[in-house]
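In our numbering, the protein residues as written are 1 to 161.
Read the hints as simulated data drawn from the structure, not as lab findings.
All residues carry an ideal CB built from backbone N, CA and C; glycine is no exception.
A portion of the hints provided could be inaccurate.
Claimed, not checked - With a straight-line Cα cutoff of 27 Å, these simulated BS3-like cross-link-like pairs (lysine-lysine) come out: (1) Lys-113 x Lys-62; (2) Lys-113 x Lys-34; (3) Lys-68 x Lys-33; (4) Lys-34 x Lys-68; (5) Lys-62 x Lys-34; (6) Lys-62 x Lys-143; (7) Lys-62 x Lys-33; (8) Lys-113 x Lys-68; (9) Lys-121 x Lys-143; (10) Lys-121 x Lys-62; (11) Lys-113 x Lys-33; (12) Lys-113 x Lys-143.
Claimed, not checked - With beta-carbon atoms standing in for the labels, derived distance ranges: (13) Gln-29 x Glu-97: 42 to 52 Å; (14) Val-127 x Tyr-35: 34 to 44 Å; (15) Gln-150 x Lys-68: 21 to 31 Å; (16) Ser-40 x Asn-91: 35 to 45 Å; (17) Ala-26 x Asp-138: 33 to 43 Å; (18) Gln-71 x Asn-91: 29 to 39 Å; (19) Leu-141 x Pro-25: 35 to 45 Å; (20) Ser-40 x Glu-97: 39 to 49 Å; (21) Pro-25 x Val-127: 39 to 49 Å.
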Amino acid sequence: MKRLLGFIFLMTIIASTALFAIDAPANIQAAFKKYYPQVSLVIWSQDQGYYKGQFEFDGYNKSIWFNKQGQWVMEQTALGSIDEAPTAVYNAFVSSEYGSWIVETVTLVNFPKWQPIFVIKVGQNNVEGMNQMFYQPDGNLLKVVDVTNQYGILEPNVFLQ
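Let the hints inform the model, and build the full structure from the sequences given.
What follows is the structure in structure tokens.
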């Protein structure tokens with residue numbers, strides 16, 4: 001089922017970004033191949049000076065950002081559920097004030113020189129309000145961001161300010 005959902009997600013991205021997709025420069029594509037030599041289907045876009053590749057790997061939807069020099073800046077992995085987060089993150093979340101909220105997404109964000117960050121996006125039934133919680137792997141909550149009127153997109157500028 002997870003693979004089917006991943007395939008549907010990837011096909012949706014392909015269909016919706018076909019008009020906006022670009023070919024990344026050769027240095028960006030070469031840098032990508034160093035990390036994922038076996039991946040052949042990548043949807044490239046450019047935003048805020050970064051090249052973003054979206055693809056599927058090991059059953060997960062992933063996005064990776066490179067700067068114009070071809071240096072890896074950030075990578076995201078869309079996890080299937082809160083159960084895939086480390087135990088410390090899971091326990092911190094369920095014992096927080098948001099533990100009873102509905103988990104919309106769980107995203108693992110990796111950086112070349114920092115520790116990973118787990119971002120949990122939550123909402124409530126029949127109540128306006130969406131929040132993103134940023135956790136370190138040890139369960140330490142870094143911040144909570146109200147993304148009610150935003151898409152809550154996790155781009156490099158969210159982290160590299």
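Hints versus structure:
Simply put, Lys-113 and Lys-62 have alpha-carbon atoms about 19 Å apart, close enough for the 27 Å limit, and the pair holds. A threshold of 27 Å between alpha carbons decides the hint, and for Lys-113 with Lys-34 the separation of about 17 Å falls inside it, so the pair holds. Simply put, Lys-68 and Lys-33 have alpha-carbon atoms about 16 Å apart, close enough for the 27 Å limit, and the pair holds. At most 27 Å may separate the alpha-carbon atoms for a hinted pair to count; Lys-34 and Lys-68 meet this at roughly 16 Å.
A C-alpha spacing of about 16 Å is found between Lys-62 and Lys-34, which places the hinted pair at or below 27 Å, so the restraint holds. Between the alpha carbons of Lys-62 and Lys-143 the distance comes to roughly 23 Å, so the proposed pair stays at or under 27 Å and holds. For the suggested pair Lys-62 and Lys-33, the alpha carbons sit about 14 Å apart, so the restraint of at most 27 Å is met. For the given pair, Lys-113 sits about 18 Å from Lys-68 by alpha-carbon distance, which is consistent with the 27 Å threshold.
Taking the CA atoms of Lys-121 and Lys-143, the gap is about 12 Å. The hint holds against a cut of 27 Å. Between the alpha carbons of Lys-121 and Lys-62 the distance comes to roughly 17 Å, so the proposed pair stays at or under 27 Å and holds. About 20 Å separates the Cα atoms of Lys-113 and Lys-33, which keeps this hinted pair within 27 Å; it holds. Proposed proximity of Lys-113 and Lys-143 is supported: the alpha carbons are some 20 Å apart, at most 27 Å.
Checked against the hint of 42 to 52 Å, the pair Gln-29 and Glu-97 passes, with Cβ atoms roughly 44 Å apart. The hint said 34 to 44 Å for the Cβ distance between Val-127 and Tyr-35, and at roughly 40 Å that hint holds. Take Gln-150 and Lys-68: their Cβ atoms lie about 26 Å apart, and the range 21 to 31 Å holds. For Ser-40 and Asn-91, the Cβ-Cβ distance of about 39 Å falls inside the hinted range of 35 to 45 Å, so the restraint holds.
The beta-carbon spacing between Ala-26 and Asp-138, approximately 40 Å, falls within the hinted interval of 33 to 43 Å. Between Gln-71 and Asn-91 the CB atoms are about 35 Å apart, so this pair conforms to the stated range of 29 to 39 Å. Distance hint check for Leu-141 and Pro-25: the Cβ-Cβ separation is about 38 Å, which falls inside the suggested range of 35 to 45 Å. A hinted range of 39 to 49 Å for the beta carbons of Ser-40 and Glu-97 is consistent with their spacing of about 44 Å.
In this structure, Pro-25 and Val-127 meet the distance hint of 39 to 49 Å, their C-beta atoms being roughly 45 Å apart.
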